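Q: Protein chains in written order, with our numbering: chain A, 1 to 178; chain B, 1001 to 1281.
These are computed hints drawn from the structure, not numbers from a lab.
All values reported here derive from a predicted model rather than from experimental measurement.
Cβ atoms here follow ideal geometry from the backbone N, Cα and C, with glycine treated the same way.
One or more hints might be untrue.
As the list claims (entries may be wrong) - Mimicking DMTMM-like on lysine to aspartate or glutamate, the simulated pairs with C-alpha atoms at most 25 Å apart in a straight line are: (1) A/K150 to B/E1181; (2) B/K1272 to A/D129; (3) A/K167 to B/D1165; (4) A/K50 to B/D1220; (5) B/K1074 to A/D124; (6) A/K87 to B/D1274; (7) B/K1129 to B/D1066; (8) A/K77 to B/E1256; (9) A/K87 to B/E1273; (10) A/K50 to A/E119; (11) B/K1088 to A/D129; (12) A/K82 to B/E1266; (13) B/K1277 to A/E174; (14) B/K1272 to A/D83; (15) B/K1088 to B/D1149; (16) B/K1277 to A/D83; (17) A/K167 to B/E1213; (18) B/K1187 to B/E1213; (19) B/K1088 to A/E174; (20) B/K1088 to A/D96; (21) B/K1059 to A/E119; (22) A/K77 to B/D1274; (23) A/K167 to B/E1256; (24) A/K79 to B/E1132; (25) A/K167 to B/D1274; (26) B/K1129 to B/E1266; (27) A/K172 to B/E1104; (28) A/K82 to B/E1273; (29) B/K1088 to A/E157; (30) A/K77 to B/E1133; (31) A/K77 to B/E1276; (32) A/K167 to B/E1094; (33) B/K1101 to A/E174; (34) B/K1059 to A/D48; (35) B/K1088 to A/D146; (36) B/K1272 to B/E1178.
As the list claims (entries may be wrong) - Some but not every residue of chain B turned toward chain A, in silico, with C-beta under 10 Å: (37) F1086; (38) R1114; (39) E1266.
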Amino acid sequence: MKYIIFLSLLFTFQALFFSGCFNADSAVKPTTYDIPTRNHDLGYIPYDAKLDKPDFLVCDSTNIRSGRNRLQYPGGKNKFRKDITSKYLYKSDYKDFSGYIVVRFVVNCKGESGRYRAESLNLDFSPSDAPSDLLQYAITLVKSLDHWTKSTAYDIETEYSKFINLKISNGKIEHVVL
Amino acid sequence: MVRLNMWYYKYLCLLLFVFIGNVNFLFGQGNCLIYPEDSGERKACELSYRALEHRQGSKESQLLFDEAIKIGPKYAWAYYQKSVPFFKRGLFAEGISLINKAIELEPWNYLYYRAYWYFYNRSYGYCIKDLEELYTVHEESYTTTPGGDLEMRLLLAMAHAQSGDVPKGIYWMQHLMERYEQEPQLKGLYDHFCLGVLYYKNNQFDLAEVEFEKQLTVDDKFADTYYYLGLIKAKAANNTLAQDYFKQALAKMNGENGGYSRNSFEAFNIYKEDVEKMLND
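Using the sequences and the hints given, assemble the complete structure.
A: Written out as structure tokens, the structure is:
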């Protein structure tokens, strides 16, 4: 008990002392900035009529979760890597491309996946130019392996964003990050 | 008199600990009081803390970080914090432009974070570049992965090994082990394992075995250690012992007696099928 009182007094004294050193009243001054209006979560992918099925709905665009292990592929990550690599068909048009193809999508409250997007990056994550059909092909491949399940039963209605990163070397898949 | 001295020293120690604790608290990363009132940094700091009250990646938090960056463009922590949910969602181009800005301002504080994402995505060359700058130019003494479980030199060492320079990886692991001589309590759960793997890859099986045995004294539930010990015994043509280790590895992977495996070592990860293959050979 003696220690607790001693520590509490000492802490209070030092906190007051240091606060005083830097600014006597700034610590209690209210901030004046307004909280902006609610909008979408970063993981939300807006609907694009040219790319998306109109019947794929996101229940709550402000509450999209992310997490590497929140969506499971049957057989695990290694199985996914093997499946996508074995399905991938190399084309000579791809041989000049090395870097990443990142495919993102959303799994909605019904457990359906949609809003697939792909972008190409260099190994330092700066934007790069990949053959346009490689981007579309990457989406087609990831879509074809659409067997995602949510990790736990209680979050069955939670919506998730997911990304699959294909590391490509001279047009061939070198590794799959997910 | 002796009792009085004991009492005095005890309180003196307490006083010292509390003083250090308070100084860390007040001057620590993100403590807004250290910036002059009405400075851009003070306002950016306050806004960044308000942003953290919202869910990471929410529009509210992002807009508060935007405001923080606008008011205090030299406040590195706001760029770093804003970058985190971008990386976690695979929005790497946006994440990297933010963390690059934080690194421009305070490389010693944020190089590790960019290196972590390069490592995770197997961009080993860029990972090595960042971490060697961190440990040589900025003389960082100890920094961990964002989750706090691995010292970043483990990633640096593995990145070298994956780039084909295993001896350089061993060098960095030894560099880390020297650091632990001063403060052994900092040693992590997988340091001996990582050094053991590198010795194994470098065909230094005796040294590898020593490290794996040390690893077992740190954590005997980690399946992957048994797998590598099995490989070493198989190399030595001691098949009975090798199979025994592989069986133990599989049992740990199946969670028996608290056993487990983990996938934090990227190219060095061990999967159940690897162990099963060795058992069937």
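Q: Hint by hint, say whether it matches the structure.
A: Tested hints:
{"no.": "1", "hint": "A/K150 to B/E1181", "result": "45 Å, violated"}
{"no.": "2", "hint": "B/K1272 to A/D129", "result": "38 Å, violated"}
{"no.": "3", "hint": "A/K167 to B/D1165", "result": "21 Å, holds"}
{"no.": "4", "hint": "A/K50 to B/D1220", "result": "55 Å, violated"}
{"no.": "5", "hint": "B/K1074 to A/D124", "result": "23 Å, holds"}
{"no.": "6", "hint": "A/K87 to B/D1274", "result": "22 Å, holds"}
{"no.": "7", "hint": "B/K1129 to B/D1066", "result": "29 Å, violated"}
{"no.": "8", "hint": "A/K77 to B/E1256", "result": "22 Å, holds"}
{"no.": "9", "hint": "A/K87 to B/E1273", "result": "21 Å, holds"}
{"no.": "10", "hint": "A/K50 to A/E119", "result": "17 Å, holds"}
{"no.": "11", "hint": "B/K1088 to A/D129", "result": "23 Å, holds"}
{"no.": "12", "hint": "A/K82 to B/E1266", "result": "16 Å, holds"}
{"no.": "13", "hint": "B/K1277 to A/E174", "result": "23 Å, holds"}
{"no.": "14", "hint": "B/K1272 to A/D83", "result": "17 Å, holds"}
{"no.": "15", "hint": "B/K1088 to B/D1149", "result": "18 Å, holds"}
{"no.": "16", "hint": "B/K1277 to A/D83", "result": "19 Å, holds"}
{"no.": "17", "hint": "A/K167 to B/E1213", "result": "35 Å, violated"}
{"no.": "18", "hint": "B/K1187 to B/E1213", "result": "16 Å, holds"}
{"no.": "19", "hint": "B/K1088 to A/E174", "result": "21 Å, holds"}
{"no.": "20", "hint": "B/K1088 to A/D96", "result": "29 Å, violated"}
{"no.": "21", "hint": "B/K1059 to A/E119", "result": "22 Å, holds"}
{"no.": "22", "hint": "A/K77 to B/D1274", "result": "14 Å, holds"}
{"no.": "23", "hint": "A/K167 to B/E1256", "result": "35 Å, violated"}
{"no.": "24", "hint": "A/K79 to B/E1132", "result": "34 Å, violated"}
{"no.": "25", "hint": "A/K167 to B/D1274", "result": "23 Å, holds"}
{"no.": "26", "hint": "B/K1129 to B/E1266", "result": "18 Å, holds"}
{"no.": "27", "hint": "A/K172 to B/E1104", "result": "34 Å, violated"}
{"no.": "28", "hint": "A/K82 to B/E1273", "result": "13 Å, holds"}
{"no.": "29", "hint": "B/K1088 to A/E157", "result": "21 Å, holds"}
{"no.": "30", "hint": "A/K77 to B/E1133", "result": "33 Å, violated"}
{"no.": "31", "hint": "A/K77 to B/E1276", "result": "17 Å, holds"}
{"no.": "32", "hint": "A/K167 to B/E1094", "result": "18 Å, holds"}
{"no.": "33", "hint": "B/K1101 to A/E174", "result": "30 Å, violated"}
{"no.": "34", "hint": "B/K1059 to A/D48", "result": "20 Å, holds"}
{"no.": "35", "hint": "B/K1088 to A/D146", "result": "21 Å, holds"}
{"no.": "36", "hint": "B/K1272 to B/E1178", "result": "34 Å, violated"}
{"no.": "37", "hint": "F1086", "result": "7 Å, holds"}
{"no.": "38", "hint": "R1114", "result": "9 Å, holds"}
{"no.": "39", "hint": "E1266", "result": "9 Å, holds"}
Consistency note: the structure conflicts with the earlier hints numbered 1, 2, 4, 7, 17, 20, 23, 24, 27, 30, 33 and 36.
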